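Chemist: These protein sequences, in sequence, are chains G and D.
Take -8 as the starting number for the first sequence in the working numbering and just add one per residue.
Take -8 as the starting number for the second sequence in the working numbering and just add one per residue.
Hints are computed from structural coordinates only; laboratory data are not their basis.
Hints are supplied without guarantee of correctness; some may be wrong.
Note: identical chains are not told apart, hence a pair may lie in one copy or across any two.
[Said to hold, decoys possible] Derived pair list, reagent style DSS-like, types lysine-lysine, alpha-carbon separation capped at 30 Å:
#1 K141 x K11
#2 K32 x K1
#3 K267 x K11
#4 K11 x K268
#5 K123 x K11
#6 K267 x K32
#7 K141 x K70
Source: prediction; values computed, not measured.
2 protein chains.
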Amino acid sequence: MHSDLWLEEKFSDFLGLRFKVENVLFSGKSEFQTVDVVETKGHGKMLLNDGLVMVTERDEFAYHDMIAHVPLFVHPNPKNVLVIGGGDGGTAREVIRHSSVVQCTMVEIDAMVVDACKQHIPQTAKELENPKVNLIIGDGVKFVKETTEKFDVIIVDSTDPIGPAQPLFGEEFYQDVFNCLTEDGIVVSQGESSWYAMDIQQSLLKVLNKVFPQSYLYSFSNLTYPGGLWSFTFASKRYHPINDFQAQRVSDSGLEFDYYNQQLHSAAFALPSFAKKGLKGLIDND
Amino acid sequence: MHSDLWLEEKFSDFLGLRFKVENVLFSGKSEFQTVDVVETKGHGKMLLNDGLVMVTERDEFAYHDMIAHVPLFVHPNPKNVLVIGGGDGGTAREVIRHSSVVQCTMVEIDAMVVDACKQHIPQTAKELENPKVNLIIGDGVKFVKETTEKFDVIIVDSTDPIGPAQPLFGEEFYQDVFNCLTEDGIVVSQGESSWYAMDIQQSLLKVLNKVFPQSYLYSFSNLTYPGGLWSFTFASKRYHPINDFQAQRVSDSGLEFDYYNQQLHSAAFALPSFAKKGLKGLIDND
């Protein structure tokens, strides 16, 4: 590609994020969404679903560290983990680094995302053939309704609540998630941005509050998402994300992380005042 | 303005941030830099120096809360505060909310920035006529070399180390800052981004380490800066930013903040692992 190629992710009608593109590696349209993989300048390879940046090689560790290691270091002995979505493979890759994990079931609706990442972004997809990963191409909403398995931790690694991910933000789905969690189970979900999408956060947390005794929001910094400050929700049947977190387990694990660490674990639950105000009554952060 | 007007801030040659512009309110060129104020869609009024976004009405509270209230709630009795730069007025506005502060001296090199903000962004500039603010149009580098005054807290609210702000990142400047701080003084400085400007952070922290017994980095989320995760450095003659922070003083102050709060104060010093690795030996965060 010799022309000056850029891609732009628009947010609403007033913001655009432009990334320099060196090469288009894959471009397809599944029955669910468009799927593109590009080689960028400065951010490595990048996956886009419906034109929205999902992961880049440069910063994917931030998202995957924080979605996986926060619940897996709170639950004292996570053996059976379910990932809904997460087709790039980065979340499953981090989940199976925990020696307690016997199996990571991953239910991704869109085979095209998995195949594109296996072929072009091995950095995230490299553990999808690991025997501990049970990859199911299917509908996560249907899966949690029908399965008789119980999971210690469920991770909802979804896109925004448009397109195929929309039901993943609803009450019926979370009722089913509750039912297939063990009695001390935890669910963590992609939780959008307090800067630009407080309305989605409020709506998701209202659902979690109806279904779970405890709900929290925690933050991290995503380099390539609009606004940078991004969130995950943490809903739990029993464990408090800070009081039941044993920092010693992080060093005992021998694992090293580029983003996550034991200080950041608790710090991530300290939210800016405007987020606390906007989510008042919906989160148990303090 | 009826055409479809956008402005773009480029970062290096691989990233662009585009903002929808409704109206250009001011556009000038001083002896130091270009100065623009635009009315955006979605981010309110926006100040740009040399084409780089400085403040927007939508998110300026994050930057100004975190540059001002972190040092002012660590120092037990800040009376005399110096702001270098900060021509938009937002930092001085936050400084004088502390009842202990008798005077906030502000040394801004570029009268055009001050005048443009007074006229077009009263949200940040509204306290510049307050009798507690002693606004000096002049060179901050020269000021700290020549003044015989002593300050409890100095805040270096500068642009990036290009153009007029370049000397504000050097050792000679910080030696002079050290000399005009009281014996328990604190200096906080605009500290760039660990994502995109680790090299500048390293170079600034090397300088601070030579001059001060303790140096730290703390983070916050800036909606409109490239990458979102932004930093301030905290260098101190005596006080530890967490151990000497008395959270009770925040609630006792009666002040309310849209970004800062007492949990976030300490949490801001918990850095992602990649930042800790990149700044190893240069920060005393833990």
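Chemist: Evaluate each hint against the coordinates.
Modeler: Results of checking the hints against the structure:
1. Proximity of K141 to K11 under the C-alpha cut-off of 30 Å is found in neither arrangement, the shortest distances being 44 Å within a copy and 48 Å between copies.
2. For the identical chains of this complex, K32 and K1 are neighbours both inside a copy (19 Å) and across copies (13 Å), given an alpha-carbon limit of 30 Å.
3. Taking identical chains as interchangeable, the C-alpha atoms of K267 and K11 lie at most 30 Å apart only when they sit on different chains, with a minimum of 28 Å there against 36 Å within one chain.
4. Taking CA atoms no more than 30 Å apart as the test, K11 paired with K268 passes between copies only; the shortest distance there is 28 Å, against 37 Å inside one copy.
5. Taking CA atoms no more than 30 Å apart as the test, K123 paired with K11 passes in neither setting, with 37 Å inside one copy and 47 Å between copies.
6. For the homomeric pair K267 and K32, the shortest alpha-carbon distance between copies (25 Å) is at most 30 Å, but the shortest distance inside one copy (37 Å) is not.
7. Within a single copy, K141 and K70 get their C-alpha atoms as close as 10 Å, which meets the 30 Å cut-off; across copies the closest is 60 Å, which misses it.
The structure fails hints 1, 5 (numbered hints given earlier, in ascending order).
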